[in-house]
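Spelled out, the chains give:
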Amino acid sequence: MNRPSAGLWPMIGLFGLLLVLLYLLSDASHNAARFQQLYIVLLLLSSLFLLSLLILIGLNLVSLVRNVINVTPGSRITLRMMTAFIVFALTPASIVYVFSIQMLGRSIDSWFDVRIENALVDALELSRASLDFYMRAALQKTEPMARTLSDVPNAMTALSLSDFDRTSDAIELTVLGNDHRIIASSGVPGSSMFPRLPSGSVLRLVSQGDTYVGLDPQNQAELQVRVVTQIPATRGNPEPRLLQAMYPVSSRIGKLGESVEVAFSKYNELVYLRSPLKQSFILTLSLVLLLAVLFAVWAAFYSAQRLMAPIRDLAMGTRAVAKGEYHQKLPVGKLDDLGMLLQSFNQMTEQLARARDAADRSQRLVERQRASLQTILDHLTSGVISLDDGGILRTVNLTAGQILNLELDRYRGRRLEDLGDEHPMLRGFYNTLNPHLGDQRDWREQIELLGPTGRKILVCGGVALPLGGQVVVFDDVTALIQAQRDAAWAEVARRLAHEIKNPLTPIQLSAERLQRKLLPNLEATQAKVLCRSTDTIVQQVKAMKSMVNAFAEYARTPEIDIRPLDFNNLIHDIAEMYHSNSVGAEVRVELDPNVPQVEVDAGRIRQLVHNLIKNALEALEGRSDGVVDVSTRCIEDSGCRFVELEIADNGSGIPKELMEHLFEPYVTSKVKGNGLGLAIVKKIAEENGGVVWADSVPGDGAKITVRLQAATQPGQRTESELRRRSA
Amino acid sequence: MTEVTHRDTAARSVAGLVFALLTGCLCLLDGTLYADGNRETSIAHAGINYRQGMYLLDVLVDYQLSRPLKEALTSGVQLELVIRAEVLRENQWLPDTAIVEKDFRFRLHYNSLLEKYLVKNEYSGDLESFTELTAALRYAGKLLNANLLSASRLEPGETYYCQVRAMLDQAGLSLPLRMLAFINPVWRIKTDWYVLPLR
Chain F
148 MNRPSAGLWP
158 MIGLFGLLLV
168 LLYLLSDASH
178 NAARFQQLYI
188 VLLLLSSLFL
198 LSLLILIGLN
208 LVSLVRNVIN
218 VTPGSRITLR
228 MMTAFIVFAL
238 TPASIVYVFS
248 IQMLGRSIDS
258 WFDVRIENAL
268 VDALELSRAS
278 LDFYMRAALQ
288 KTEPMARTLS
298 DVPNAMTALS
308 LSDFDRTSDA
318 IELTVLGNDH
328 RIIASSGVPG
338 SSMFPRLPSG
348 SVLRLVSQGD
358 TYVGLDPQNQ
368 AELQVRVVTQ
378 IPATRGNPEP
388 RLLQAMYPVS
398 SRIGKLGESV
408 EVAFSKYNEL
418 VYLRSPLKQS
428 FILTLSLVLL
438 LAVLFAVWAA
448 FYSAQRLMAP
458 IRDLAMGTRA
468 VAKGEYHQKL
478 PVGKLDDLGM
488 LLQSFNQMTE
498 QLARARDAAD
508 RSQRLVERQR
518 ASLQTILDHL
528 TSGVISLDDG
538 GILRTVNLTA
548 GQILNLELDR
558 YRGRRLEDLG
568 DEHPMLRGFY
578 NTLNPHLGDQ
588 RDWREQIELL
598 GPTGRKILVC
608 GGVALPLGGQ
618 VVVFDDVTAL
628 IQAQRDAAWA
638 EVARRLAHEI
648 KNPLTPIQLS
658 AERLQRKLLP
668 NLEATQAKVL
678 CRSTDTIVQQ
688 VKAMKSMVNA
698 FAEYARTPEI
708 DIRPLDFNNL
718 IHDIAEMYHS
728 NSVGAEVRVE
738 LDPNVPQVEV
748 DAGRIRQLVH
758 NLIKNALEAL
768 EGRSDGVVDV
778 STRCIEDSGC
788 RFVELEIADN
798 GSGIPKELME
808 HLFEPYVTSK
818 VKGNGLGLAI
828 VKKIAEENGG
838 VVWADSVPGD
848 GAKITVRLQA
858 ATQPGQRTES
868 ELRRRSA
Chain A
1337 MTEVTHRDTA
1347 ARSVAGLVFA
1357 LLTGCLCLLD
1367 GTLYADGNRE
1377 TSIAHAGINY
1387 RQGMYLLDVL
1397 VDYQLSRPLK
1407 EALTSGVQLE
1417 LVIRAEVLRE
1427 NQWLPDTAIV
1437 EKDFRFRLHY
1447 NSLLEKYLVK
1457 NEYSGDLESF
1467 TELTAALRYA
1477 GKLLNANLLS
1487 ASRLEPGETY
1497 YCQVRAMLDQ
1507 AGLSLPLRML
1517 AFINPVWRIK
1527 TDWYVLPLR
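In the order they appear, the protein sequences are chains F and A. Letter by letter, the first sequence follows residues 148 to 874 of the numbering used here. Letter by letter, the second sequence follows residues 1337 to 1535 of the numbering used here.
Hints in this document: simulated from the structure, not taken from any laboratory. Just so it is clear, the structure is predicted and the values come from calculations on it, not from any experiment. Take the hints with a grain of salt, since some may be wrong.
[To be verified] Subject to a maximum C-alpha distance of 20 Å in a straight line, what follows is the list of computed DMTMM-like cross-link-like pairs (lysine to aspartate or glutamate): (1) Lys-1456/A x Glu-595/F; (2) Lys-1478/A x Asp-1528/A; (3) Lys-1452/A x Glu-646/F; (4) Lys-1452/A x Glu-833/F; (5) Lys-1452/A x Glu-272/F; (6) Lys-1456/A x Glu-1416/A; (7) Lys-1526/A x Glu-1416/A; (8) Lys-402/F x Glu-1451/A.
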């Protein structure tokens, strides 16, 4: 941030030069001779001064305009100050200038007076009259001499001239021939060695018979009267001759005449120069005024820049602070008002810098803590999200996204409710969380979601944050619950085998033995009772064995052989087998040709389809218009492709009270059956990564839907698939 | 006769240019400053004679005064008419070197008492009076056998030439007229150089 101190010395120098010029002008106005001598110097100096000022002002003006265009701090106020300075300088200067011009004109006009002019003219006329007297006297003296010489031959002319020289006061007498050659001449001592001949015009005048009388100026303000006249021709001197006589004029008369002439000429010159003189004074005054005004303008530039420098520094410092540069120090000059302001600014920036450094340290600490927390969150096996009071997602960890099969990090800052529109799975999630968002107490719930990877069971817990909002922690317990259920059923199967199935054989054998041992010894009536009883026992034991085997089969964890399967072909083959069925129902098949392959265990899926069709046919027993619709279709949900199988009947439907536990073992609305059909269907679907659900309107039939994931490209295994493979 | 010192014509031109901007408008208001449109002053004849080891100069200038100059003269303003002669040595690469610079001055003014034009030859000191301006200008423009330089100042093997011009010395004008002469050409008399070989 530069101070304009470098421009101080030129300003002082120019100011000094301006003062010198003004002094010289003032001095010269009183001394014409000095003015004459210094005029060119003044003119040159003024021109240089003017040029210097113009260059300086031009440079400053260009700089100012550039700064205004670039919106440099302080430039606009400098412009305003400059405008004010110029107006304040020009207004009084213009007034003074106008009055000065008027005063100057009047002052010069006052030099001239008609009376003086008349007096000078009269003095000149008087001088002329006086000289005329001399000339007439000289003529009167010369004419007799010319007549006398008319009878004098050329050879005697010199003698005659000598006589005239002694008797007259002529200082030079010369006789010229017809060819203007000198015939004779005489002069007083001290006069010119050679006679000064009249000019050609005088000779021509005299040759025509006239007489010339005139005044000839000499050096040292002397005047002489020249008389040239013709010498009359006579019989002895027939050729015309000329006589020139030179008479002195009194030196006093000559000096007085010269004095009058000089005064008249000077006055006349002054009158002639009046207008140019006015113009020159006006121009000089204008030049000085221009110099003074330009100097004032430049001084205004300099002062404004000097005054604005601290403000400009302050503005630039403020900008620097706004950009976060707190360590910039402003130069503090004098401790005046602006200096104290700059000092205060520096103190403020120091304090800001310290505060900023402290805030930076705190922020870095918070960032490190946040990073640590994020690392912890990312490595948790539970999903963690935080929502603010508006339900906007603020924090997520990796596991949350993995559980919900979404890149939740992308949705940070968006309302969870809005995300439900894009991802139906999140809708159920949000619906569960929503009642608790304003809740200040801890809460815990289990959620079951149907997502692209199948059914998920989440255990959610939430707690209100101190600054508002909720943090929600959830775990995917689908596999855990499945494993627990499998283990429970396995235990049931084992206990059944151990506790029920094992005693059945001895019971059966004992009943058969009783029949075999006692039957021969009994009467027909008793034998008939025995046979019926033992047969009943045997039949029931067999039924129980069958039930236990079915249960064991359900509880068994079979080997899964996952392979790509053309799902439509499988459905078509199975449905073909049921076109002629014992119920007499119509089996209609509608397969979507766009259904892709699925990666499933073909045998288990075949069993699933058999179970569902049988189940549907059993629901139609006793109806003559029974119809079973078997259809497939391909759908996309949450960016995944699925294959859905729907098997619908137009039977009596599923009672409402059974819907909730429809897929659990021993739940059936039919008289016959062991209640394991739909439970096995659900088990097979889940083993193959699918889901199954039922829709029913009582009295209007039922529909079972199985959704399986479409086969993926190599390397694109889903989580559920991986889970199934690992299982 | 006076020896002429070279003036800083460049600085003068700059000053005149700046001043012209300031004074031009005011000067244009004065209609008497415009030129007559007559012939310009020219050198009608010039010659160099060699006599007894001296080079003598003859010049005949045809002076033409503009109307403002005539009016100024009859109003009492003195005019200094100058015939400037220079002898220069030719240089091949550098500017030619002036070895002689001479001004022959004639002071012309009008005497109201005598009603005559007086011409004083500053070179010879002679003062002549004329009733006609043309006769006075003819006298002021005639230079016969004026000493130019001695032949001994010329170096053998070098080439010399003489150049002559006639002009009105503006420094001899009154101050306001000198200022006008900066601006208005009608107040200026200056012929081109008339070049004479020197053998």
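Pair hint outcome, Lys-1456/A versus Glu-1416/A [Cα-Cα no greater than 20 Å]: holds, 10 Å
Holds or violated: Lys-1478/A to Asp-1528/A, with C-alpha atoms at most 20 Å apart: holds, 17 Å
Holds or violated: Lys-402/F to Glu-1451/A, with C-alpha atoms at most 20 Å apart: Given pair Lys-402/F, Glu-1451/A holds - Cα atoms ~17 Å apart, limit 20 Å.
Pairwise hint evaluation, Glu-646/F against Lys-1452/A, where the allowed Cα distance is 20 Å at most: Answer violated: Lys-1452/A to Glu-646/F is near 170 Å, above 20 Å.
Pair hint outcome, Lys-1452/A versus Glu-272/F [Cα-Cα no greater than 20 Å]: Holds - the C-alpha atoms of Glu-272/F and Lys-1452/A are around 15 Å apart, at most 20 Å.
Proposed proximity, Glu-1416/A with Lys-1526/A (alpha carbon, max 20 Å): holds, 12 Å
20 Å Cα cutoff - pair Lys-1456/A, Glu-595/F: violated, 134 Å
Hinted pair Lys-1452/A and Glu-833/F, Cα distance within 20 Å: violated, 144 Å
Of the numbered hints listed earlier, those contradicted by the structure are 1, 3, 4.
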